[in-house]
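A.B. asks: We have chain G already, so just place chains Z, H, Y, D and F with the ligands on it with the hints.
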Amino acid sequence: MEMHKAKRVEIIIEAIMERRLTDALIGSGVTGYTVLPVSGGSGRSGQWTREGQVSPASGMVSVICLVRPERLDGLLHAAFSVVERHIGVIDITDALVLRAERF
Amino acid sequence: MEMHKAKRVEIIIEAIMERRLTDALIGSGVTGYTVLPVSGGSGRSGQWTREGQVSPASGMVSVICLVRPERLDGLLHAAFSVVERHIGVIDITDALVLRAERF
Amino acid sequence: MEMHKAKRVEIIIEAIMERRLTDALIGSGVTGYTVLPVSGGSGRSGQWTREGQVSPASGMVSVICLVRPERLDGLLHAAFSVVERHIGVIDITDALVLRAERF
Amino acid sequence: MNEILTLARENLISPIILSFVLGLLAAWVRSDLSFPEAIARGMALYLLFAIGFKGGVGVAAHGTDARLAAALLAGIALSLVLPLLAFALLRSLSQVSIMDAAAVAGHYGSISIVTFLTASTLLTERGVAAEGYMVAVAAAMEAPAILSALWLAAWRGEGAEKPDAKAWREVLFNGSIVLLVGAFVIGWITGKDGLAQIDSFIVSPFKGVLCLFLLDMGLIAGRGLLNSRGILRPGLLVFAFLMPLVGAMLGLAAGLALGLSQGGVALMMVLCASASYIAAPAAMRVALPQANPALSLTLSLGLTFPFNLIFGIPLYLALTELIMRP
Amino acid sequence: MNEILTLARENLISPIILSFVLGLLAAWVRSDLSFPEAIARGMALYLLFAIGFKGGVGVAAHGTDARLAAALLAGIALSLVLPLLAFALLRSLSQVSIMDAAAVAGHYGSISIVTFLTASTLLTERGVAAEGYMVAVAAAMEAPAILSALWLAAWRGEGAEKPDAKAWREVLFNGSIVLLVGAFVIGWITGKDGLAQIDSFIVSPFKGVLCLFLLDMGLIAGRGLLNSRGILRPGLLVFAFLMPLVGAMLGLAAGLALGLSQGGVALMMVLCASASYIAAPAAMRVALPQANPALSLTLSLGLTFPFNLIFGIPLYLALTELIMRP
Amino acid sequence: MNEILTLARENLISPIILSFVLGLLAAWVRSDLSFPEAIARGMALYLLFAIGFKGGVGVAAHGTDARLAAALLAGIALSLVLPLLAFALLRSLSQVSIMDAAAVAGHYGSISIVTFLTASTLLTERGVAAEGYMVAVAAAMEAPAILSALWLAAWRGEGAEKPDAKAWREVLFNGSIVLLVGAFVIGWITGKDGLAQIDSFIVSPFKGVLCLFLLDMGLIAGRGLLNSRGILRPGLLVFAFLMPLVGAMLGLAAGLALGLSQGGVALMMVLCASASYIAAPAAMRVALPQANPALSLTLSLGLTFPFNLIFGIPLYLALTELIMRP
Ligand SMILES: Nc1ncnc2c1ncn2[C@@H]1O[C@H](COP(=O)(O)O)[C@@H](O)[C@H]1O
Ligand SMILES: Nc1ncnc2c1ncn2[C@@H]1O[C@H](COP(=O)(O)O)[C@@H](O)[C@H]1O
Ligand SMILES: Nc1ncnc2c1ncn2[C@@H]1O[C@H](COP(=O)(O)O)[C@@H](O)[C@H]1O
Ligand code: NA
Ligand code: NA
Ligand code: NA
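Residue numbers (our numbering), protein chains in the order written: chain G, 1 to 103; chain Z, 1 to 103; chain H, 1 to 103; chain Y, 1 to 326; chain D, 1 to 326; chain F, 1 to 326.
Excised from the complex, chain G in its bound form (with noise of 0.2 angstroms):
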């Protein structure tokens, strides 16, 4: 199967910055992000978990992003403007995609 280069982004955001951060990503020309729910986490600002929570001001989501090697700069400069000033990390790994006329 013919494979290709491919970096795989994962952003850990805090919920609330979701829209900013799918923007930025699109105006980024990134062609597709996917999003999975988080349940809980900790870090530096503290331990939390999602269940029962009413308020959309805790909890995270991680956006995963996979992208040719050539458009990560322009991605992560465009994902790091929103998560800055944010809690939340980032992380990129080494991938090989199928499909690559999809990135």
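Be careful, since some hints might not be right.
[Claimed, not checked] In silico DSS-like cross-links for lysine-lysine, where the CA-CA straight-line distance does not exceed 30 angstroms:
| hint | chain 1 | residue 1 | chain 2 | residue 2 |
| --- | --- | --- | --- | --- |
| 1 | H | K5 | G | K5 |
| 2 | G | K5 | Z | K5 |
| 3 | H | K5 | Z | K5 |
[To be verified] Every beta carbon over 12 angstroms from chain Y, so not counted as near; a handful from chain Z, in silico:
| hint | residue |
| --- | --- |
| 4 | M1 |
| 5 | M3 |
| 6 | G29 |
| 7 | S58 |
I should point out that these hints are in silico values taken from the structure, not numbers from a laboratory. For each residue, glycine too, the CB sits at the ideal point set by N, CA and C.
C.D. replies: Leaving out everything else, chains Z, H, Y, D and F with the ligands in the frame of chain G:
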């Protein structure tokens, strides 16, 4: 700790195809997989979210599969046969796993 | 953008063991982790799904942990002590992270 | 005409319809108001169970007759035929591909259970009785249209995925069909006594739950419409408002031919006029993956559903009033 | 005997039991009907709160006496003893490992709150009163069996994880126990006035919610059974149907010895006859991870639960009728 | 004084308050009792819809007058002013940063809709009527405080993110505001007839749902408090109990000046005394990301919310009784 080389395959596919995909994976000799819910995303076929939805027609799931490198090809063929005509993405990363006897 | 080497550890473990795992992780000096819900899966102990379930006994969660490479070993020992007798899988991938001060 | 306007106005100021309108408005001002998926699905399960059960109790109370079988057969026939009409109409009104047209046709042959239960509720409010077995007719009309859609796609040369045993089972034992029919049978078996036991769950709060559910549907429909503005050509708009009228006329004819009560005829019109956006879309995604799902959904949920809710139902009801209560 | 058959038939045509059967059937035809996990858990929370509250109101209304304490102690004792019986029975009937037998034993010593509340509902339907504090007895019987199971595993030489403080807290302050007992206490404190304030939430819709919940349980039980067909040996089948009868007899003896009312005795039988599939499984997973969870769940949820719901409850009720209303 | 104690005692033994206390206790013993997020959000949607609708029906029944507009304006003014008071008080009582103080101030200027609807329920229980439009006042008071908080942060030199059009829309068309106002308008339009159609959904089960919701809030508040013990300095504790009293006094003055009924005055006190933990926190996170969210939430949800629920509401009610029913 002893670690073993493996491939981490992530298949993001329409929720309605989940069963067909997992049947194909098991058919290809995969010993396990994990399904993560997906809450939204965007791609060539537009943006979507599961909020407030009742129809199973829209929405994706993410299927994670850790396999020994030598099993990758069989897995990808099986997965691709299901994903082929449907929307969805597949990415592969190099990973290490503990407990090799499980794969 | 400056990026730093890190390890991405993904621990898929029984939901009832989540608390014990995260306590062990924090005990091992990990500064953060993120818990993703899991909706179903399959392994040697059979296939399962959370649909319609009320008992916490079945079901897994996925705990994602980004750490500096030098912390990996401590983390794995801590995680393994919890996972050891229970079902679950652990995989490690090489990653880059922004904002190294957080790890 | 006057009658129709009065009915339409009364319909519009029901909390049920206003809740739907609130959802549309909230979507339009881009409010972040939203229902968790689990709650939306939970409400749908409740509504299906309640409407099915009440239908069964109705049959238990009034007995059944040959008309039940005739109505079921008529429903199946209509569900098979409506897609052909929809396909022809859509292809003549717009440039959509054969695949897309087949998928849309499948949606319009199948039925919208939410439109059906809104109509039932508004009928009850007006004191117009209907046959309890119309619920069974609704269930029977969900699946056949899917067959026609596949046949259309295959006939016109495009390789639709041939449905295997798994696909058939998915369509026939689809969750909403099983729940509707199952609750109908339970209601039939347990009858008035069964109803007495659970009516403060399935009867009293029903309308309130429907309000919240329609609020959610308004949000979904409104957001879908906003996202898909781009694909809406005039021909498609015409289709989305004309097709329900065409369907309703067929339903009227069938209802009168079957000798249904006024309420029954109105419900038959509603079934034919409405388009599926729960069961059919899933089946179409599996079988016709090349079809653009946004197109079918925008037409059925974004346009036809609000049209039926706000204008269609009072119109169909007024027509039956004109014709059947001279 | 005739009595039993009549009761069983009446039981079978209750919407509650039929809903459960619908779930089983839907699973059997492999329908995709399913409830979101959040809805299933939400219904369970509702049912626990309601049954606990009503139990407390019952105690407030009829006062309490030494029997409450005696019944609690009896419940705890039964929960401790039943696992030993179950262990012995299972080991003699089948080849399952000690670890597996211990885990299963823990399930059968503990109780199924859903079976309990179905039985309560069917009792109320028949106008048979029961002590309000049976809810507290149910809560008291959830945990002790877990102790016995751990002891069995340790006794037979297999290293069960020794429960630490965390594990104890998890078992004792388990969500369903806390909710049941908490609601019971609130009902007790606020009494009839409290009930008057919220009865249109916790009394009227109760049976309807129970229908939907049992529909879900039917789906879960049916699917579990289908998936685990492979592990079902004849000995296991015998165990799953014999053990509830053994438990029920013990419960009958205890209930009579305690001098409970007819309804109280029937509920005591149900508690002893039923096997846990909510709290105990989680505790067993933590403490006996080597045990195969599919085995315990198939027996308790797939076989014993339906058995009790469909045959057991009417049987136990008929027995109390024969014995106590001569 | 005696009056106050009697009211407080009566308040404490309401199932509503006891459910909240149960949640606190369950959190305290570290029970794993928890509600799925979807269920918690679903209950919140239900409660908002119901309280909004009933408020609208109230206005439809008693007509409206200049006071509605005056009350709305007063609410907006109070929501703008209260943060300034809160900011000054907090800075004088503790060492928190300007950013943190501004964020906390935003929470206390905005309102807690759950406190509001608990108070409404307790008022109804005591037969004290209130203006239906207090719901609209509640909605109007949600957002202005956010403005003041941003202004405070900017004024004191710290670069708060300047709110863009998107941020404004988020605040103004916030889901809970839209639902509350929308349901209010629907209730107003459909009036008593509309209410009659859905009262067995939005009136009868209301208190029971509120019990479960407050149980969940008790769990959340209790767990938040346990997790954040570390940050609680004496000055912060004083603030969390003093600020609601300060707010209540302002509310009392405003209510009397507006000439509201006794119930209306009490609700105005509750609105001013309560602090937001649903809408404001989200807005503060977006605009003041450097502020520590745990601080605001611990104060508003962990301390002020229980304080108001258990002591505040009966106190405010007793005060209006003393002053207005001489
Ligand atoms: N090292 C990490 N690995 C994985 N997730 C993390 C890590 N650090 C932080 N997070 C996630 O990011 C959220 C905010 O982190 P923080 O800003 O450190 O409080 C946490 O609650 C976690 O969900
Ligand atoms: N580059 C990408 N990275 C991550 N997820 C993607 C990407 N492209 C598509 N997806 C996911 O796959 C779904 C379907 O994609 P598409 O077929 O392009 O519409 C999207 O809604 C996303 O959930
Ligand atoms: N190879 C695998 N890849 C991904 N997830 C797995 C794999 N094997 C097991 N799992 C997950 O771990 C759970 C328990 O696995 P097991 O202990 O093999 O039954 C499964 O239900 C899956 O969710
Ligand atoms: Na139709
Ligand atoms: Na038992
Ligand atoms: Na306030």
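A.B. asks: Could you tell me which of the hints above the structure violates, numbers in ascending order?
C.D. replies: 7
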